[in-house]
Structure formats: structure tokens, C-alpha cells
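Following the hints, position chain B against chain A.
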Amino acid sequence: MHNSPAIVAVGRTKFGEHYGKEPEKLIEESWLAASNECSIERKDLQACYMSDCFLPITNKLGLEEGFLSELTELHVPMEVTRSFSAALQTACHAIQAGVYDTVLVGGIEKMTDRWDKIRDDLMLLDDPWSYFAGGTPESNHELMLRAYIKKHNITGQNLEKLSLALAQITVKNHANATKNKYAQFQRKISIEQVLAARKAEHKQLGLFDYAPISDGATTVVLTSAGAAKKRTDRPVQVLCNRSATDYLNYPARDDLSHFLAAQLAMKNACEAAKMTPSDFEVVEVYDQSTMMEMVSLEDLGFCEPGTAWRNVQESCQSGLNCYEVGDRKVYVNTNGGLKADGNPLGATGGAQIFEIFSQLRGEAGDRQVKSNDGLPQNGCVLEFEGFGTKAYVTILGGLNH
Amino acid sequence: MSSEPIERRVSYLGDRLRATRCQQCGKEYFEVRDYCSNCGRKSYGKMDSIDLLFDKGKLELATFINEPTNKFTKLGSYVYGIVSFHDGKIRVPARLTDQIQCNGDTVDPASLEGRDVIPRFRRRYSVAKSDVVPTISLAFTLADEYYPHQEYKVMKPTKEYELPGIVGYGAYSSRFRIKEEGLERAVPFIDEDAVTAAVEAGKLALIHSAIDSTWIGKVYAGSESNPYAVKPIASKVAQVLKLGEEDGDLQSVDAVDTEFACKAASSMFKDACALVSYPHSGIKYAMVIGTDNSQAAPRGCPGGELDMYVGFGGAAFIFGKQDVIAEVEAWYSCTSDTPDFWRRDGEPYPMHGGRFTGDPAYHKHVRKAASKLMERCNLKAGDINYFVPHQPNPSFPIRVAKDLGFKEHQFMPSMQMTKFGNTYSGASLIGLAAILDIAKPNERILVASYGSGAGSDAYLLHTTSQILDKRKHQKVTVKFQAENPFIEYVDYTTYRRLKSGM
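Heads up: the protein sequence lines correspond to chains A and B, in order. Heads up: the first sequence at position 339 corresponds to 339 in this note's numbering, and the numbers run straight through without jumps. Heads up: the second sequence at position 132 corresponds to 132 in this note's numbering, and the numbers run straight through without jumps.
Don't read these hints as lab results, they were simulated from the structure. Do not rely on the hints blindly, as some may be mistaken.
To be verified - No farther apart than 30 Å at their CA atoms in a straight line, the calculated lysine-lysine pairs in the BS3-like style are these:
| id | chain 1 | residue 1 | chain 2 | residue 2 |
| --- | --- | --- | --- | --- |
| 1 | B | K372 | B | K402 |
| 2 | B | K440 | B | K407 |
| 3 | B | K129 | A | K60 |
| 4 | A | K199 | B | K58 |
| 5 | B | K27 | A | K150 |
Unchecked claim - Output of the computed footprint for chain B on chain A, the stretches with three or more beta carbons under 8 Å from beta carbons of chain B:
| id | segment |
| --- | --- |
| 6 | 175–187 |
| 7 | 193–205 |
Just so you know, even glycine gets a beta-carbon here, dropped at the ideal spot from N, CA and C.
In isolation and in its complexed conformation, chain A is listed as follows (with noise of 0.2 Å):
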């Protein structure tokens, strides 16, 4: 167990709207937070492993392990990964193999420079198929979320509820985001606001249904179990990591209703850690759109598939800001989710994993979830790269309170 690999402190900048600010100081900002947290000095770190998806496109940035030496005076091995799950994945691998015991997980990602050209790169993410033919960074999720409802036979009034509960995930996580002083949109919406969008875009999902482009960064300062002890007395575990792949191209996908790459992320990350979705109190899913979320918790098992929407719809009816599943309560996107957090697409992992690493400590202030025997114990945390074409699933947990 020495050398199960363990987070000892998180960092991250408000997500939103950065013009003023470098790349590097975003990295800064978060990596001082980080390093504060748990008095962590940047000569003690032995390896960097960073995730950005397209810094070099957006920002013009080529070797970002290069500039990241230049600024830090480090000399140590650095590796760039596209998602913050694959950069932790791949660090926690380091650890666990015994290579390091302390090193630094960064995501960066800033897309707001590049406003007018931000919907094509995020095309970049989807098979080029579908970019030549004429779709759009949001045309996926318009389509799976036909798929579902043609699969899952939803019509009339049910469909009028999943499309009131789309509306509800939203609302919900805009909510949870007032309470996140980092978040983009510290506001409120409304159920009509978000109807009265996809009524005038004549869609099933509009502006508020989509997450926002945003610039951030995140940092994670990730340790052995065993070197873990020297920066703080209440590491977080992570229990397991795993992930999976799927086609590029959508279209060819066998099922068009669900994202295979979730399911199988999650299945071998439960039994790899010997759990079950009903041990994870507070989840961070990838909601990209509305119908991510509603989706994501039938593939990570928390629903029957086809079935999410009534929960979503009948827990937010009743005023909970978590999904009531058979006797349990789930906590989804307690920090606003991608939606209301903000989606700087490297960093975005990071908020994720700050976010069940808060809660697990207890650290969450106002959006604090509390179980009926205290501190949520195990949390896990769902990240896609492109359209469901890399799922990573990560477990948190192993803080005995």
C-alpha cells in the first residue's frame, strides 16, 4: 500500500474569462494554491505530468513541457497528456510502479482567445467525417439524444418530462455553482429561461442545455501513500483509475443512445476497486450538454438505462438538489458541473477531482454534501475526451473519518 498513489492537495483558478492572463499564469495561480495547501516546495516535485487537449492550436504554444521548465526552473521529466484523467492516470501509474513518490498533476486550457475559432477547433474532437459533412461541436448531442428517445420508445408526456428534466440537470447545476466562488456562472437560471432558449433556437437542447468554453487551470499534488503522510494528515486515496476507448466516428458506433467507452471505464473501475456505483455518494459526470449528464448516469450504473430522466425529473420536482435512486440519494455535479463550473477542456478533470476531493475532506463549505453517517466516504468522477471516445473513470475515497 506504500505506493498507492494519493492526492494531497488541490488548486485551481476561477473558471470563466481570462483575457488579461497568460496560459502561464492560470498554471501559476492554480500550482500556488495547490503548493500552499500542503507546503509543497516545486524542487520537491520529480515529475510534472500536464494535460491540455489544444493549447499549441489556440494559443500557439508548441512544446508546453519546454515552457513549463522556463518557467519553473525545473529540469524534471514532464509529460502532456489531452485530459486532466489521463495526465492523473498516468502519474498515479509513476507512483504506483514506484518510479516517484511525489509529483504534480496540471491542466490547462484556455479557449476564450480564441473566440471566433473555438467551435472549429472543438470539431478538431469529433471524427472528420462528421466536421466535412457539416456538424457541429453540439450536433452529437442533439443526435443522441434522438437516438435515446427513439431507443428508449419516450413519447408524449414522458417526453415533455425528459425535456423538462434536461432543463432541471441545468438549473440544478447552475445552483450547486452559486455556492462555487471558482465557478464561471455563479448565478441562478430558470426553468423558463432554459425552455425559452431551445424555443427560440427550435431545438430540443439550446444555450443553457450546452457547457460554456472557458479558460482555467487545475492542479493536483499527487503522492505516495507512504510520502503522503509528510504533507498532510488527511490524503485522499485514489482507489482506482480506469478508462476506455470507442470509435471516433460516432455515426459508426453500434449504439448510438449511450456511451460504451463510460460503461466499460466504470464497470472495470468497480470491480478493479471492489465497489458498486451505490458505495459513491458524490459524482462528478462530464456534462457537456444536459443530455451528457442524463446519459452518463444510466452508463455509470446509477439508473436503468432509459430511465434517468424520471429520476432527475422527479427529485428536482420535489426540490432536492441530488437524484434520488431507489433509497439513495446521489450527488451529481456539486460544483456546477461543466455547465456552470466551466469546461476549459484540459483543466476540466481537475475541477472534477477538486470537487470529490472537497467533499471527501469536508472542505466543500456551503455546497458541502453530508450522508446520514457524516462525510461522504467514496466519490468518483467521470471524464470524456471528444465525443465519448476516451471515458476515464476515477475513484476517490480511503479517508476514514
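The following block gives chain B in isolation, referenced to the frame of chain A:
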């Protein structure tokens, strides 16, 4: 900027919708695959190449895009979704094209799900004027509307003729029209141009002829609105329609573009005939295409007078000596250096000589070519069933026909200019297609094209009994397109916008 190697690969696969089928397990893939993902290395070399251009698909899922990515903004709003082929074995992303007023008030994407669609060869998106024009066939139209699905069935030729002639043909025009002062003119959708019309016309000609596209040894494309000053239309046609035997990613076919104002294509009829007749050419069939998105300056600008008459469309004719529907019996051409209409290099719109385009230009040449040919063949106007003159406006062709002694029933059936506009290189060809659509066996047709600059080609055609047999292959006749219930009329502003393209 465009990246040419990528462009080559994308259009190579996407224009024809090339796909692959595993011989062992039957799994199908969009794109070319050397082996099957199911069967692994056992399937290497056992993959059949298929393609979907002539196929019919089904719109499985649909949504509505009102905020496209940057290069697609000229398309405005459109329906986008997933189309499946072969009962879902292949699924591809798809844009529905040919929709102008596409918004949530007029279109409910979900209601279109389950409808049959057919792939259309179109421009993909906008690029800078200096770049390669990207194309793709992941654009679809509803099969029960303007352009229906037709099976492309290859048949073994049954009869060899002494003279070469037309073995198949197809005329293509868009579903949009502008109607002004009794004239209807075809308007391309914004993703169409002379190249896309050439391919669509060629596709129709293949379907009608029932010959294998690989038997074609040469393709000529005549146009004066090729989007490129340098780069042929014919090479695109050859690749998309797979003309000639495929050899790796090359087609064993000769392809060339020709230019002579509106007679660029008709001039090549005789070359095609000569080629298929020459015993050592090794070429059994040749395709001639006339295609134009006829340009005209906006009204009020110099040259803007043409704007009242220009149309859009093209026609393709396949020549050979087997299963001929109309033998080419004789021809006569005349030429003079007459500057009645021209477009200087780099200029977007042509200029013309006003009244000078009439008597000393059009009338002189067409009259000369037609009368000389009749004289040579010892025929009088009364011996000919149909006369097909070039049609730049509604009055010139009628006057020349009357001058030559033809009666209305001989020339009016070929008058398509009032339905599609002046389609420049396609004009006399669409007229000829309209006649071949209705002609009986053993009838004589006199075609007289005209090209400014100037010259005229006259041909004497003689229909055979097979004209009736092959007619069954073609639903998309000239009349079908002229009187189609799915035609959409546009106003002047929309017409100019669509015509200017992406």
C-alpha cells in the same frame, strides 16, 4: 489555406463514398480498409471495394443546425444527421442539401427521420478563392422529392451498329428556379457549380446507358464557368464516376476540358464519334459533358443584360457503337473570328456585343451550319423531325428555325431555354436531351449549337429502335425536371446569392 494531400484523400473517399465489405463476415466500412476489424489479418486481401454514390440511404437521426462552424456559414441553416446504408451496416454523417428556407418553423428534423435519401455530389464548404474547391457526397436529398433514386444496372450490349452514336444521356438541373417575365431559369443551390452539375449529369447518363462506367475511355467536359482557370472538370468527373478501369487510385481514362463559349461540348460530339470508330483506339465509349453555372454580371452593371437569361445545368452524352439510340449520320462545322461575347482571364463575368451578337454572330453561324449540313445530306426542313438550335434567349432560336424553314412542331419541343435559362455549354445539349426523351425510332434530329467567338456545329442524328428500350432506365427526364412539383422558386436576391456559390 487548404492542405492538398488531405484534400486529395478526403475527396477521393468522400466524393464517391467509397466503402469496404469483408468477404468473410460481411461487415461493411465507410472508407477503404485493407482488412476487417472483426476478422483481423485473415481477411487481408479479402475485402471487396464497394461505394455508395448510386445507392439509397435512410436518414436515421436528424437535427437542425442554425449555427454551423465557420466554413459552413454560407449554407445558413440546414438539417444534419446520420444516414445509414444497407440496413444500418454503414452509417455516415450527413447534411441535407437543397434547403433554402430551413428553420424550425418550416422543418421539423425529427419528422424527416426514416425517410429515404440519396447522396448528392456537392461542394463541401467555403474556402478562399485561391484554394482547391473541396467537394463531398455526404450531402443528401430526400429520395421522394426532386431527384429520385434510380438503380444503376449494367447490361451487356446486344447490338453493334455501323455508325457511332449516342448510347446514353442525362440532363441535370437544380430544383431551384427564378421566374421573371414568363421565363423560368434554373438556379443552383449554393453548394452547386459547373463541376457538380457535370458529375450529376454524367451519373444520369450512366444510369440511362446501362453501360459499365469502366468501359468509358475518354471524357470531355465543356464549360465556360469552371471554378478553376487551370484544373479540369473532367478529371473530377472521371474520378467520382469511376470512368475507365481503376488502377490503384488512378482511373485508366483520358479526361480533358474544352472551351469554346457555348459550343465547347457540342464540338466534341464528332471527336467522340471518331474516337469510338477508330479501330485502334481501344476505346469503346466516350462521354461528352456540357455544363455551366452561366455567369452574368448583376443587372445595371456592364454585361448585366445577360442576367435576365442565364441558367444552370448540364447534360452528358455517351457515344459508342453498341446499343446506340441515335446514330450520328453527318456533321458540319463552321468558324469565324467574331468577337460577339467574351470573358477576359480573371474577370468574373462575360461581356457581349449587344446587337452584334444577333445577325453577324448567332444567326449567321447557326444558319450556315444547319443549312450546309442539310444541303450535304440532301435533306429539306420537312425531312427532319426535330430541330435543336442553341438557345441563348427565347427569340434567337425561333427566328433561326423559321428562317431555315422549320415549323413549330419541329423546333418547339427542343426549346428548354424558357424552363432552365441559357445553360451556355449545356443549352443545345439539354435541348437535344429533351428531344431524345420523346423521339420515336427512325426519326431525324438536326442539332445546331453555337459558340460565341464564333462557330456552330451541326449534327444529323437518326434514332434507332433501342431508344424506346433505354427510355425505361431514366425517370429524371428533362420534362420531369421542368415540371417537377418540388421545384422551389426564389427571388432575385436569393438567386444572386445562390449563384455566387460558396
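Taking the hints in turn, this is what the structure says about them:
The straight-line distance between the Cα atoms of K372(B) and K402(B) is roughly 16 Å, inside the 30 Å bound, and the hint therefore holds. A threshold of 30 Å between alpha carbons decides the hint, and for K440(B) with K407(B) the separation of about 18 Å falls inside it, so the pair holds. Taken as a hint, the K129(B) and K60(A) pair is honoured in the structure, with Cα atoms around 26 Å apart against an allowance of 30 Å. Using a Cα cut-off of 30 Å, the hinted pair K199(A) and K58(B) holds, with the two alpha carbons roughly 28 Å apart.
Restraint check for K27(B) and K150(A): the C-alpha separation of about 25 Å stays at or below 30 Å, so the hint holds. By the rule of at least three residues with a Cβ nearer than 8 Å to a Cβ of chain B, the coverage given for the segment 175–187 of chain A is violated, with 0 such residues. Given a C-beta distance limit of less than 8 Å, the hint that chain B covers the segment 193–205 of chain A holds, as 4 residues qualify and 3 suffice.
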